[in-house]
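Novice: Letter by letter, the chains look like this.
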Amino acid sequence: MTQAIEAEGLVKHFGQTKALDGVDLTVPTGTVVGVLGPNGAGKTTAVRILATLLRPDAGIAKVCGFDVVRDPVAVRSLIGLTGQYASVDEDLSGRENLVLIGRLLEMSKGDARARAAELLARFELTDAGDRAIKTYSGGMRRRLDLGASLVGRPRVLFLDEPTTGLDPHARNEVWQVVRGLVDDGVTVLLTTQYLEEADQLADRITVIDHGLVAAEGRADELKRKVGGQTLQVRPTAESDLLAVQRILAELTGTAPTTDLDAGMVTVPVDDPVLMSTVVRRLDTAGITADELALRLPSLDEVFLSLTGKSAQQSTVDTQKTGSLT
Amino acid sequence: MTTIALDAPPEVTRHIGPARTMRHGLALAWRGILKIRKNPEQLADVTLMPIIFLLLFAYVFGGAIGGSIESYLPQLVPGLAVMTVMMASMTVGMNLNTDVSKGVFDRFRSMPIARPAPLIGAVLADLVRYLICMTILLVVATIMGFRFGTGFVPVVAGVGLAMLFGLCFCWVAVWLGMLIRSPGAMQGLLGMLSLPLTFGSNVFASSDTMPSWLKAWVDISPVTQVADTLRGLFVGGPVAGPLLGSFAWMAGILVVFFPLAMRAYRKRLS
Ligand SMILES: Nc1ncnc2c1ncn2[C@@H]1O[C@H](COP(=O)(O)OP(=O)(O)OP(=O)(O)O)[C@@H](O)[C@H]1O
Ligand SMILES: [Mg+2]
Numbered sequence: 501m502t503q504a505i506e507a508e509g510l511v512k513h514f515g516q517t518k519a520l521d522g523v524d525l526t527v528p529t530g531t532v533v534g535v536l537g538p539n540g541a542g543k544t545t546a547v548r549i550l551a552t553l554l555r556p557d558a559g560i561a562k563v564c565g566f567d568v569v570r571d572p573v574a575v576r577s578l579i580g581l582t583g584q585y586a587s588v589d590e591d592l593s594g595r596e597n598l599v600l601i602g603r604l605l606e607m608s609k610g611d612a613r614a615r616a617a618e619l620l621a622r623f624e625l626t627d628a629g630d631r632a633i634k635t636y637s638g639g640m641r642r643r644l645d646l647g648a649s650l651v652g653r654p655r656v657l658f659l660d661e662p663t664t665g666l667d668p669h670a671r672n673e674v675w676q677v678v679r680g681l682v683d684d685g686v687t688v689l690l691t692t693q694y695l696e697e698a699d700q701l702a703d704r705i706t707v708i709d710h711g712l713v714a715a716e717g718r719a720d721e722l723k724r725k726v727g728g729q730t731l732q733v734r735p736t737a738e739s740d741l742l743a744v745q746r747i748l749a750e751l752t753g754t755a756p757t758t759d760l761d762a763g764m765v766t767v768p769v770d771d772p773v774l775m776s777t778v779v780r781r782l783d784t785a786g787i788t789a790d791e792l793a794l795r796l797p798s799l800d801e802v803f804l805s806l807t808g809k810s811a812q813q814s815t816v817d818t819q820k821t822g823s824l825t
Numbered sequence: 006m007t008t009i010a011l012d013a014p015p016e017v018t019r020h021i022g023p024a025r026t027m028r029h030g031l032a033l034a035w036r037g038i039l040k041i042r043k044n045p046e047q048l049a050d051v052t053l054m055p056i057i058f059l060l061l062f063a064y065v066f067g068g069a070i071g072g073s074i075e076s077y078l079p080q081l082v083p084g085l086a087v088m089t090v091m092m093a094s095m096t097v098g099m100n101l102n103t104d105v106s107k108g109v110f111d112r113f114r115s116m117p118i119a120r121p122a123p124l125i126g127a128v129l130a131d132l133v134r135y136l137i138c139m140t141i142l143l144v145v146a147t148i149m150g151f152r153f154g155t156g157f158v159p160v161v162a163g164v165g166l167a168m169l170f171g172l173c174f175c176w177v178a179v180w181l182g183m184l185i186r187s188p189g190a191m192q193g194l195l196g197m198l199s200l201p202l203t204f205g206s207n208v209f210a211s212s213d214t215m216p217s218w219l220k221a222w223v224d225i226s227p228v229t230q231v232a233d234t235l236r237g238l239f240v241g242g243p244v245a246g247p248l249l250g251s252f253a254w255m256a257g258i259l260v261v262f263f264p265l266a267m268r269a270y271r272k273r274l275s
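So the sequences go chain by chain: A and B. With the first letter of the first sequence counted as 1, position 131 gets the number 631 in the numbering used here; the numbers rise by one all the way through. With the first letter of the second sequence counted as 1, position 97 gets the number 102 in the numbering used here; the numbers rise by one all the way through.
No lab work stands behind these hints: they were computed from the structure. Hints should not be assumed to be uniformly reliable.
[What the hints assert, rightly or not] To give a feel for the contact side, a few chain A residues facing chain B, derived at Cβ under 8 Å:
1. Leu605
2. Met607
3. Gly786
[Stated by the list, open to error] DMTMM-like, lysine to aspartate or glutamate: derived pairs with alpha carbons at most 20 Å apart:
4. B/Lys107 <-> A/Asp759
5. B/Lys40 <-> A/Asp720
6. B/Lys43 <-> A/Asp684
7. B/Lys40 <-> A/Glu590
8. B/Lys43 <-> A/Asp591
9. B/Lys43 <-> A/Asp630
10. A/Lys634 <-> B/Glu46
11. B/Lys272 <-> B/Glu75
Positions of the beta carbon are idealized from the N, C-alpha and C atoms, including for glycine.
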């Protein structure tokens, strides 16, 4: 498989701050890679380097085989960028912004207008299309910004926190658009504070923290890497709790925890094959279970154990800084 | 959306020639003009400034310097044309400064457009402002009693020369706009810079009564040279000499400040 984005050893220092301290990143053509990290991890810096807005202090980055430093014009003709903060002209209407971008991309007046109308419709902005952007809500601005990065039908799309500040409906809308683009063969690199978003959209996830890659892999790989899996059994009859506890302790060799209120026995396991044995043993003991599950840790837990910060915490931080700017 | 052949080598532009640069510049100039139309209050400087200066100087100094308002206007009006266009050309620095800090430039820079296109666009859109400025000045002056002593062609040439001067001088503002981070500081600095330049000229009074050291500067200063040319073109009198001086100044300003502006622009954006 070819790589749409390849970056090796990216370094960027701002004075004393090591925004990036040697980051490797690859995104295979046609896939979605999610970059996860707490505030200040270096996500935006990485995106800006890949989108040719910043020069790395060291390291190499290529987009579709073109070096971002030596061939920036080629890279720019292949990418679309939706930055963390909206980069549209507040004084112009949504339609005028999109037409302007079309014109700058060498479209004819007619084509630029048609493309603008198409994108406004796609992001449910047709009604607001002729109003100045400064009258838009945050979510509308975000959607228009995303539309603006699609005018040129990019092959590689960079989305820096594309759904921060969107309501669930609008967020779903954006996810739908991203999935549609991926179906069309577009490669997407997105940064996000929402683990759910990475889980939903990304084929692979790179977790960065303090300018370094903390972990990389598919969502399920990351989950497995961090905490093992847990086996949960909830017997139908509460009186069976003790028996279940005994059986699980015997099979796994570790002491299970029992939550009396939930009527649930939980035990960590490293061998998923154990599941069938548990089912058989419960069966022979004549115990029926309402719930019997092998569970991976949530990405939240992964994030926490890799960066020492909970994702929720850093989301709150973002919203705070967001409202200050 | 069209499906893209995944492994085909991408057809890309790797270099942007002058024709495309100009097209991009024109598209961005269209943006600038749209912005002016949406916020007509932004035109306050080019609409009110000429009127206020005309009224103020004609009625306050007219009698003292020129003997009467009618005899002062031929001295004042061509001078004010240079001065107001020069002040109007300072705004482009502010606008660019705001654009850069607001992130609109990030969008442009992530697109395959020529590096200087946003600058060219901003500067071209400014020509519209200069034209409005000149029109208002000349119309109000005519109402106040100013009379052109030449023909249509010299007057148009004069307006063109003033605008050309603005176009050259604006690179000073672009340079400062890229160098200075805060728009507020920028405004103050530009004001301080343009005042001595405009008052240290023969816009308001002939240099004959000035001390010799000042007269030496005033006689060769760019504002004086252009103002003298405009006097010739609007009212009548020698044109060739001051025109040569004007072109020399404009070329000099361009040669020094255009590269400085471009360098500061590149640096600001990297
Ligand atoms: N232009 C700059 N000048 C100085 N420091 C900077 C600059 N840009 C980024 N930094 C610093 O580099 C670090 C990484 O910033 P970056 O914006 O890449 O983080 P991020 O992962 O995008 O964070 P967030 O989730 O808050 O958007 C931060 O410590 C930030 O303060
Ligand atoms: Mg960021």
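Novice: Sort out whether A/Glu590 lies within 20 Å of B/Lys40, counting only the CA atoms.
Specialist: 10 Å, holds
Novice: Going straight from one Cα to the other, do B/Lys40 and A/Asp720 come out at no more than 20 Å?
Specialist: 50 Å, violated
Novice: Sort out whether A/Asp759 lies within 20 Å of B/Lys107, counting only the CA atoms.
Specialist: 54 Å, violated
Novice: A closest beta-carbon separation below 8 Å is what the hint needs, so does A/Leu605 meet it against chain B?
Specialist: 7 Å, holds
Novice: Given the hinted pair B/Lys43 and A/Asp630, is their Cα-Cα distance within 20 Å?
Specialist: 12 Å, holds
Novice: Against the 20 Å threshold, does the CA-CA distance of B/Lys272 and B/Glu75 hold or violate the hint?
Specialist: Roughly 51 Å separates the two Cα atoms, so the pair is violated.
Novice: Does the alpha-carbon distance linking B/Lys43 and A/Asp591 stay inside the 20 Å limit?
Specialist: 7 Å, holds
Novice: Is the hinted pair B/Lys43 and A/Asp684 satisfied, with a Cα-Cα distance of at most 20 Å?
Specialist: 38 Å, violated
Novice: Given A/Gly786 as an interface hint, is its Cβ closer than 8 Å to any Cβ of chain B?
Specialist: 57 Å, violated
Novice: Checking one constraint from the list: CA of A/Lys634 to CA of B/Glu46, max 20 Å. Satisfied?
Specialist: Holds. A/Lys634 to B/Glu46 sits at ~16 Å (cutoff 20 Å).
Novice: Tell me if the interface restraint on A/Met607 is satisfied: Cβ within less than 8 Å of some Cβ in chain B.
Specialist: 10 Å, violated
Checked against the numbered hints listed earlier, the structure breaks hints 2, 3, 4, 5, 6 and 11; every other hint is satisfied.
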